[in-house]
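Visitor: To get the numbering used here, take the position in the sequence shown, counting from 1, and add 185.
If you are wondering where the hints come from, they were derived from the structure by calculation, not from laboratory data. The beta carbon of each residue, even a glycine, is placed where N, CA and C say it ideally should be. Possibly wrong hints are sitting among the right ones.
Quick list of the computed label-pair ranges, beta carbon to beta carbon [claimed, not checked]: (1) ARG279 <-> SER583: 57 to 67 Å; (2) SER336 <-> ASP303: 17 to 27 Å; (3) ARG323 <-> GLU543: 52 to 62 Å.
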Amino acid sequence: MSEAPFKGTRSKINYQNLLINDIQYRKAPVRNELRRESRVFSPLPNNLITSTSEISPIAIEEADEEEEGENTVEFQQQQQFVNDNKEQFEEFTRTLQAAKQIEQQLLAKTPEFGSTVDSVSQWLHFNEFMFDKLSYPRMCWVDEASKHLPSDLIDSWYATVQPTIDNNWDIFKQRIIQHVKGPSDSSLQPQTHRPTTITTSQDSSIKDDDDLNARGFEDFIRKNFIRFLGYNQEVEEWLAATIVQFEDFKILQSKWMDYIPSLLSGKARVWFGVNRRKFFDFDGFVEKFVVEFTAKPHSSSSSSNQDVVVATTTTDPAGVSRKDPVELNLIESLNEQVIRKLKMFGGKHDNVVSWIDELEAHFNAHGWSENVKMKCVPTVLQDLALKWYNRNSLTIKSWTDFASKIKEEFGSKFRQQEAFERLRNYKQTINQSVTEYYNGLLDVCREIDPTPTNDHILQNLLSNVRPSLKIKVLEKQPQTPNEFLHYAKTFEHLEKLVKDEVALSSTIERMEQPYIAPPRRIQQQQQQTYNHHKPGNIQLQPQTSPISTASHYQSPPRQWQQSKSNYSGCHICEAQDHYARSCPQRQLFQ
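Starting from the given sequences, assemble the full structure and let the hints guide the process.
Guide: Listed below in structure tokens is the structure:
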């Protein structure tokens, strides 16, 4: 090292002559300094502080110089980053200051902390609303709310209960309401169902008391109140019965909202959890609760069918009917399947009258109300029909109004004339069953007249049915369209049965036909020899190919049968007692 090693440091201090006392009592560096302080100036732990007379001067090594160099480079990099993004930092600072000013202005509108329970309840609800809008973390709500408490209340009450609250907003609300009520009011609430906890000095005692109070509260709710399930229950009757119970047990109105979550179940409880920030008091809850569960008792994005079913009910001791959840779930799934299978209407080439009739048949079969029918309308429309409905949905007030207007919009102006022409040319085709013919003709008749007479329908059915069925049905002299359908279906089944029997018999005959072997090659060769040597007065017969098909195996070729019938013994001398190979005159041909 050089003779003056301290000249190479930023502080220009001779560390070889530096004592430990100088290090311990050195003034702390300024916080605004961005550079990291050297470990030389770090205070020593208490267990390492000993007598200064026994400690030798600190030896400075080269590592300290390297660290100081690294700190200098790091500081320069930070300063360079700040300079490069100076405009962004300034803009951020201005925006943050403006946001802080707006935040302070909003918080300044917090109402004053009152001395009554109702005013304190409103003060708490306003703080909840404000903190939620300002996106404060919930664990900071207690600290922020305490800033708006009166100074005397902070000194006399909040300072003592702050350790037990532990930044829990629910406990803070319970403690402050209990403090405002005082010991006289707290005695009005039955001990078995008090939702607040007893403050003790030990955490274990607090936990035990909370568990006991929670169990007691649940037992009290179960025995004295009726839970709201949200399945088509009478909302106003349930609210009235609940308020009567609150008054009978002398529960303060400011505490009613604390009981509501325990009185709700199922969809109603989920709805309350999603919207609880919107309720400033019990009256606000009642307003939104009645609107939600009166208009749509069981809301869901994909099922307007959930309002539609009358399920089996069970009556509890209090007289409030409740639905069977298992049956409700089953019917709900069935209704969803029905909605998915409903026929869509696009408005181009679809028959709007037939579509409306089919839709009403489904609705009436399931007993759906007018409200449910209107909820299903957008799900079964598409293309032009859906666009038309979106334009006119505000003027459509009921299902009857919708059916009338959509028929007027997409129905033909000459619908009856077109239907009459189709009826006049309507005939049962060969491959059309009696049921299809009956339903098709009935639809055409209803297009002409929505309420056709039985005589008119029967006359058209008899006139246009197939002739083979017409004679047989006329023999029975049907008096109604249903009788015609019964007789025609019976004869149609008999015809089909006879045709099937005939087809089966022909198949069996072909299978039982005897097998006839094909002719042998030697016979074919003899026939060819005969045709070659036979005199001119013998007519030659055409020959078949030696390769025969499967049909030749069952029935021999007619050409072979013809040749075989003309052959009589020797074809040289035409004798019947020998063949040509042993004919005495054979030498004449050699």
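Visitor: Determine for every hint whether it applies to the structure shown.
Guide: Checked hints:
{"no.": "1", "hint": "ARG279 <-> SER583: 57 to 67 Å", "in the structure": "holds (58 Å)"}
{"no.": "2", "hint": "SER336 <-> ASP303: 17 to 27 Å", "in the structure": "holds (23 Å)"}
{"no.": "3", "hint": "ARG323 <-> GLU543: 52 to 62 Å", "in the structure": "holds (54 Å)"}
The structure shown violates none of the earlier numbered hints.
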